[in-house]
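Heads up: the sequence lines are chains A and B, in that order.
The numbering used here puts the first residue of the first sequence at 39, with every later residue one more than the last.
The numbering used here puts the first residue of the second sequence at 18, with every later residue one more than the last.
No more than 16 Å apart at the CA atoms, straight line, and that leaves these computed lysine to aspartate or glutamate pairs for EDC-like:
#, chain 1, residue 1, chain 2, residue 2
1, A, Lys99, A, Glu109
2, A, Lys99, A, Glu89
3, A, Lys107, A, Glu90
4, B, Lys96, B, Asp190
5, B, Lys107, B, Asp179
6, A, Lys105, B, Asp169
7, B, Lys38, A, Glu109
8, B, Lys107, B, Asp169
9, A, Lys73, B, Glu102
Honestly, the hints are just simulated from the structure, not real lab data.
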Amino acid sequence: METITSIFTDTYWSPYAVGIGIGLLSWLSFLISGKPIATSTTFARVGGMIEEVIAGENVKKRPYYKKIKLEINWQLMLVVGVVIGSFISAIISGDFQFGVWVPSLWASAFGDSALLRVLVAVAGGIILGFGSRFADGCTSGHGISGTLQLAVSSWISAIFFFVGGIITAHIIYLVIA
Amino acid sequence: METKKQVSETSQYAKDAEEDKRPLLFGLGFGILFGFLLHKGGATKYDVIVGQLLLTDFTVLKIMFSAVATGMIGIYFMKSQGWIELSLKKGSVGKNVIGGLIFGVGFAVLGYCPGTIAGAVGNGYLDAIVGGLAGILLGTWIFAVMYPGLKDGILKMGDFGDITIPRLLKVNDWVVVVPTVALIVLLLYWIERAGF
Numbered sequence: 039m040e041t042i043t044s045i046f047t048d049t050y051w052s053p054y055a056v057g058i059g060i061g062l063l064s065w066l067s068f069l070i071s072g073k074p075i076a077t078s079t080t081f082a083r084v085g086g087m088i089e090e091v092i093a094g095e096n097v098k099k100r101p102y103y104k105k106i107k108l109e110i111n112w113q114l115m116l117v118v119g120v121v122i123g124s125f126i127s128a129i130i131s132g133d134f135q136f137g138v139w140v141p142s143l144w145a146s147a148f149g150d151s152a153l154l155r156v157l158v159a160v161a162g163g164i165i166l167g168f169g170s171r172f173a174d175g176c177t178s179g180h181g182i183s184g185t186l187q188l189a190v191s192s193w194i195s196a197i198f199f200f201v202g203g204i205i206t207a208h209i210i211y212l213v214i215a
Numbered sequence: 018m019e020t021k022k023q024v025s026e027t028s029q030y031a032k033d034a035e036e037d038k039r040p041l042l043f044g045l046g047f048g049i050l051f052g053f054l055l056h057k058g059g060a061t062k063y064d065v066i067v068g069q070l071l072l073t074d075f076t077v078l079k080i081m082f083s084a085v086a087t088g089m090i091g092i093y094f095m096k097s098q099g100w101i102e103l104s105l106k107k108g109s110v111g112k113n114v115i116g117g118l119i120f121g122v123g124f125a126v127l128g129y130c131p132g133t134i135a136g137a138v139g140n141g142y143l144d145a146i147v148g149g150l151a152g153i154l155l156g157t158w159i160f161a162v163m164y165p166g167l168k169d170g171i172l173k174m175g176d177f178g179d180i181t182i183p184r185l186l187k188v189n190d191w192v193v194v195v196p197t198v199a200l201i202v203l204l205l206y207w208i209e210r211a212g213f
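Chain B with its partners taken away, still in its complex shape (with noise of 0.2 Å):
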């Protein structure tokens, strides 16, 4: 028999489910989009990423500057609207830094990136969903348990919080947006005339 506690917590727990599901509905269509456009992209296969990080093939270099462009002129439009707040991540010189020379280790010995070896797995391929997910889980896993030691040390080395290039230069954002988009635009030109 259940207590009035129980029934509670029950419904407590149904009404948060049901206030949660349209969001989460949201993020698997998102999802579902981002994972069909990586797979045409070329982006969940092995030989595209490690080509591209040996420089043979500049597939994803294409990909993610020109998801860069078009986002940024949207993200600041709809910024200086008011329809959107920025979700910045805060940084230090001990995560981005040497956290990202880790990542780029990992990310060339694997082949795949957190993102894409989701794609990769959809795809069918078995070192992913046998080797890769298995290590990637394994490694973030890893993190976790040594990060008490971590996070007041090597973590908080060079911290400077959340701020955007913009801001710390301390101008409009359109004085960093419309050159960086130029600039862009003008790499990927020169990416395509040099041949690749």
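Isolated chain A, as found in the complex (with noise of 0.2 Å):
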């Protein structure tokens, strides 16, 4: 029987309750913080930030640091909760992976090579981490946040990520693989 206690031990929602959820937090984030769900300004923050531990102060001096400033913020700190709160909810729904290096879908087409999914996630990442900057925003910060304020920017967005996304999935799974 479906219980309080078991709806959050189960793994899965429907995502149109998750969906639901998501836009119920943006209500509240705007309301209490005056501020917008977006995720990826902090990675490049996370970056400069590192790049000054290794190469200096001098570091904050790049434009595009000056611009986005080299400090722990609401975002930042949005970030870590998304970790925390994927742990916890994993971990209660007894869904945390233990070891797991190569999702199933890739080693359907690519094989179990750890060392070659890493190296793939390693260049997504870098091409990803380029991109969302090249944009000014996610998936999160143009992708729901952006389109449900119907900003022009983010609709134009949304639509091209999915479209690069969908071609080049096809290429590597149709074409590559």
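With the hints as a guide, dock the two chains, each given alone in a separate frame, to form the complex.
What follows is the structure in structure tokens.
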């Protein structure tokens, strides 16, 4: 029988329940913090902070870092929260993955080499990180928070995220594999 | 021994930290809820995200569309009441079309995006923790290095600023909100009917 606690220990919820939940969260985040849910600037900020540790204070003079400011802010805390929230849900539903290097869909086409998957993930991450700053947003900032505000920049970005993604995924799985 | 200047600087930092604490904690709280929901939706998994891009699994689209429809109604209601202000990103053809396409390529190759990779890290996926995170940090760093050369060129190409669709069409907000929400609901209904 479905009880209040079993809802939280279920691995999956209906995507509509999840989506409506994220929508309600966006109301609260605007109302309480005056900010949209977004994540990708945080990666640029953390990258800059790492560079600052390695190369020193001068790094802060980079025009891009002056623009985004290298400091721990609301959005950085949000990204840390996402890691924690996903971890909590995974643990209580028994879905935390131990030692999984290769997703099963990837393995079905390219085998179970962890090295290959990690190298491709690094390459994909570089393109994604670069693209997210180029487009000034990601699937959260443009794809959800921007489109729900009906921002022209976000609708165009979200459409081209999926155009690029759908074409590339088909090339990877239908042409290369 | 601390000099007077150092003391005043330290207390200034302490004061700033005091003022900043609450918003930071709210950020953390919203993140925890967002991450919890992303995991419950299956969006912290490579197979679900790439399944969407291969058009075999429509979970991601269902999550995004229902979030956008729900969010839009509330945000525009709160805006009409003067409770909130929109927070819009400035755009240009160079940024959003070219940047969007580059992002899309990375999205498919990595199989996570910046938000869902944080979720994938919490979910324990090692390709995300070891490979993807390092890649994204490197990619954003490369952009930061190249930014001075890009900002007045390609990023400005076809600049249109921080405009919304209702403002572009010069109509009342609800003239766009209502049909957009209706269209999203219709599309989701159609996706379900088609068996996805």
